[in-house]
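Asks: Taken in sequence, the protein lines are chains A and B. Heads up: the first sequence begins at 1 in the working numbering, then just goes up one per residue. Heads up: the second sequence begins at 1 in the working numbering, then just goes up one per residue.
Hints are computed from structural coordinates only; laboratory data are not their basis. A hint or two may mislead.
To be verified - No farther apart than 30 Å at their CA atoms in a straight line, the calculated lysine-lysine pairs in the DSS-like style are these:
hint	chain 1	residue 1	chain 2	residue 2
1	B	K257	B	K243
2	B	K154	B	K171
3	B	K217	B	K152
4	A	K105	B	K212
5	A	K105	B	K85
6	A	K105	B	K154
7	A	K105	B	K257
8	A	K105	B	K243
9	B	K215	B	K154
10	B	K154	A	K64
Stated by the list, open to error - Quick list of the computed label-pair ranges, beta carbon to beta carbon:
hint	chain 1	residue 1	chain 2	residue 2	range
11	A	I39	B	K217	47 to 55 Å
12	A	R96	B	E147	25 to 33 Å
13	A	E97	B	D126	49 to 57 Å
14	A	R233	B	D116	51 to 59 Å
15	A	N171	B	D232	45 to 53 Å
16	B	Q120	A	P77	50 to 58 Å
Claimed, not checked - Residues from chain B that face chain A, not an exhaustive set, calculated with beta carbons under 10 Å:
hint	residue
17	S139
18	S148
19	K152
20	G157
21	D165
22	S166
23	T169
24	A176
25	R180
26	Y181
27	D190
28	T193
For every residue, glycine included, the Cβ atom is placed at its ideal position computed from N, Cα and C.
For reference, the chains in residue letters:
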Amino acid sequence: MQELLQSLAPWLNDNAIFTPSTLAQYWEGFVNTVQLVFISLVLGLFLAVPLAIGRASPIRAISKSIWLFTWVFRGTPLLIQLYIAYYGLAFIPGARESILWPLIKDPLYPALLAFTLNTAAYTTEIFYGAIKAMPRGELEAARAYGMSPMMAYRRIILPSALRRALPAYGNEVIFMLHASAIASVVTIADLTGVAYNIYARFYAPFSAFIFVAVCYMVLSFSIQGLFRLLEKRMLAHLQPR
Amino acid sequence: MVIIQRRPGAPGGPFKRETMMKRLLTVSLLGAAIAAGSAQARDYDTVRIGVDIPYVPMEYRTPSGELAGFDIELGNALCEQAELKCNWVEQGWDGIIPGLMSRKFDAIMSSMTINDERRQQVLFSDPYLVPPSAWFAPSSTQMAGVESSDLKDKNIGVQRGTVQDSYVTDKFGDVANIQRYASADDVAVDMETGRLDIAFLDYPTGQAALLKGGKYKTMGELMTEPKEYFGDGFGIAFRQRDKALAEKFNEALATLKSNGTYDEIHDKYFNEDGTNAPQAQE
């Protein structure tokens, strides 16, 4: 990467703001943003599937407690959740002596915690909605075949519901990417944080922020393209002919 | 000794949506002004001064809600000396230069460090205070000093976009891990949690935030050099065209410095070495 940036230098024409060193910072910010968003989305997805099934459970204790979880995380701003995870956890008595302290000390893990739980809450509701919207006929057919609820979920409900949830989930992924722009308040040098540093240094808001805006747009469109491909493959049966 | 810019001043004038009516009005007023042959610089008898509160001990509110602080007292004394009537206008830091440009107020006296970037936007008075920057570490720190070798792999906390940020980034960016915070309070909180090994702040702020309980101490010397980082000290900012007003304040400042009023106010808030006097604490 360093050599690549150095080889760019002649193209930059001694631009005051975009030098190999600031581009290296932007690259670092790009990597941090992608890493943060990707890991929290993957973890959130794995949490959301069982939570969505639990949310649809006929046992009230389970469905209500999961409803409470999504209600809390969807009802409060992500920024506040991030503050609580980063500053709050450090002030729990004994936190600094615990074996978890190296994790809490690093800003990355509290941010991952907040982002993961937040996206898990939204994704749970998206999947739950899709499960609720299962055509009754399919469920009855599954029962008529003698499938246990477990098997019906595995073979009928989940494959169908997760597919139909795909477009809404694609939105959630893009929202998460944009929401990650607040990571810099807990000192993570993500794309926005780097842009803020460079703006503060050179007093050049347009150059600093438009450059990251373009980075975010490239990421958003890539995600959009990816989901369009997925939808084409997995929702082929719903396409107009 | 100087501080840095606290938070970065938002550069550039505000984006203003202008209606046709407004534009017509501006044009006709401009025409009237030119016709009257008067230059744009007005004579002020009332000056509105923008200030970002709180920034102990420079500007803050007392428990009873009164404005207090070095900037406030010195500003009031300057206005009295210059025979001007002054009103203080509260304005958040990020919008403080745009606020000046859009005539929400006529001057900024809010611990603003004079530097070249800001000089392109505003006109500064002579510096009225040059506060030092300093290193702050827990009293129990194992660090022997503040050289590159001591700071290797340490977490250094700074306020984002300040002169301290620029200095630390350039000098220790390769060896240490620099964490940037939106405010000095956030730096103090993360010193408390133990995430930071050391912080580099302007002295008055660091003293107010960290030195009260005896849990922290300063390391190394108080710093005001090199000038290319730490600038020329705090100045009062005016719009570029208000040269006469800036001149009035400069004269008043010179008078206050020679007649002892300045020292009186300074001693109320700072000790001889530039550290905060005890009664100036919250």
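Asks: Now, for every hint given, state plainly whether the structure supports it.
Replies: Results for each hint:
{"no.": "1", "hint": "B/K257 - B/K243", "result": "holds (21 Å)"}
{"no.": "2", "hint": "B/K154 - B/K171", "result": "holds (14 Å)"}
{"no.": "3", "hint": "B/K217 - B/K152", "result": "holds (20 Å)"}
{"no.": "4", "hint": "A/K105 - B/K212", "result": "holds (24 Å)"}
{"no.": "5", "hint": "A/K105 - B/K85", "result": "violated (51 Å)"}
{"no.": "6", "hint": "A/K105 - B/K154", "result": "holds (13 Å)"}
{"no.": "7", "hint": "A/K105 - B/K257", "result": "violated (48 Å)"}
{"no.": "8", "hint": "A/K105 - B/K243", "result": "violated (51 Å)"}
{"no.": "9", "hint": "B/K215 - B/K154", "result": "holds (19 Å)"}
{"no.": "10", "hint": "B/K154 - A/K64", "result": "violated (46 Å)"}
{"no.": "11", "hint": "A/I39 - B/K217: 47 to 55 Å", "result": "violated (39 Å)"}
{"no.": "12", "hint": "A/R96 - B/E147: 25 to 33 Å", "result": "holds (28 Å)"}
{"no.": "13", "hint": "A/E97 - B/D126: 49 to 57 Å", "result": "holds (53 Å)"}
{"no.": "14", "hint": "A/R233 - B/D116: 51 to 59 Å", "result": "holds (57 Å)"}
{"no.": "15", "hint": "A/N171 - B/D232: 45 to 53 Å", "result": "holds (51 Å)"}
{"no.": "16", "hint": "B/Q120 - A/P77: 50 to 58 Å", "result": "violated (37 Å)"}
{"no.": "17", "hint": "S139", "result": "violated (17 Å)"}
{"no.": "18", "hint": "S148", "result": "violated (19 Å)"}
{"no.": "19", "hint": "K152", "result": "violated (18 Å)"}
{"no.": "20", "hint": "G157", "result": "holds (8 Å)"}
{"no.": "21", "hint": "D165", "result": "holds (7 Å)"}
{"no.": "22", "hint": "S166", "result": "holds (7 Å)"}
{"no.": "23", "hint": "T169", "result": "holds (8 Å)"}
{"no.": "24", "hint": "A176", "result": "violated (13 Å)"}
{"no.": "25", "hint": "R180", "result": "holds (6 Å)"}
{"no.": "26", "hint": "Y181", "result": "holds (6 Å)"}
{"no.": "27", "hint": "D190", "result": "holds (8 Å)"}
{"no.": "28", "hint": "T193", "result": "holds (4 Å)"}
In the structure shown, a violation is registered for the earlier hints numbered 5, 7, 8, 10, 11, 16, 17, 18, 19 and 24, in ascending order.
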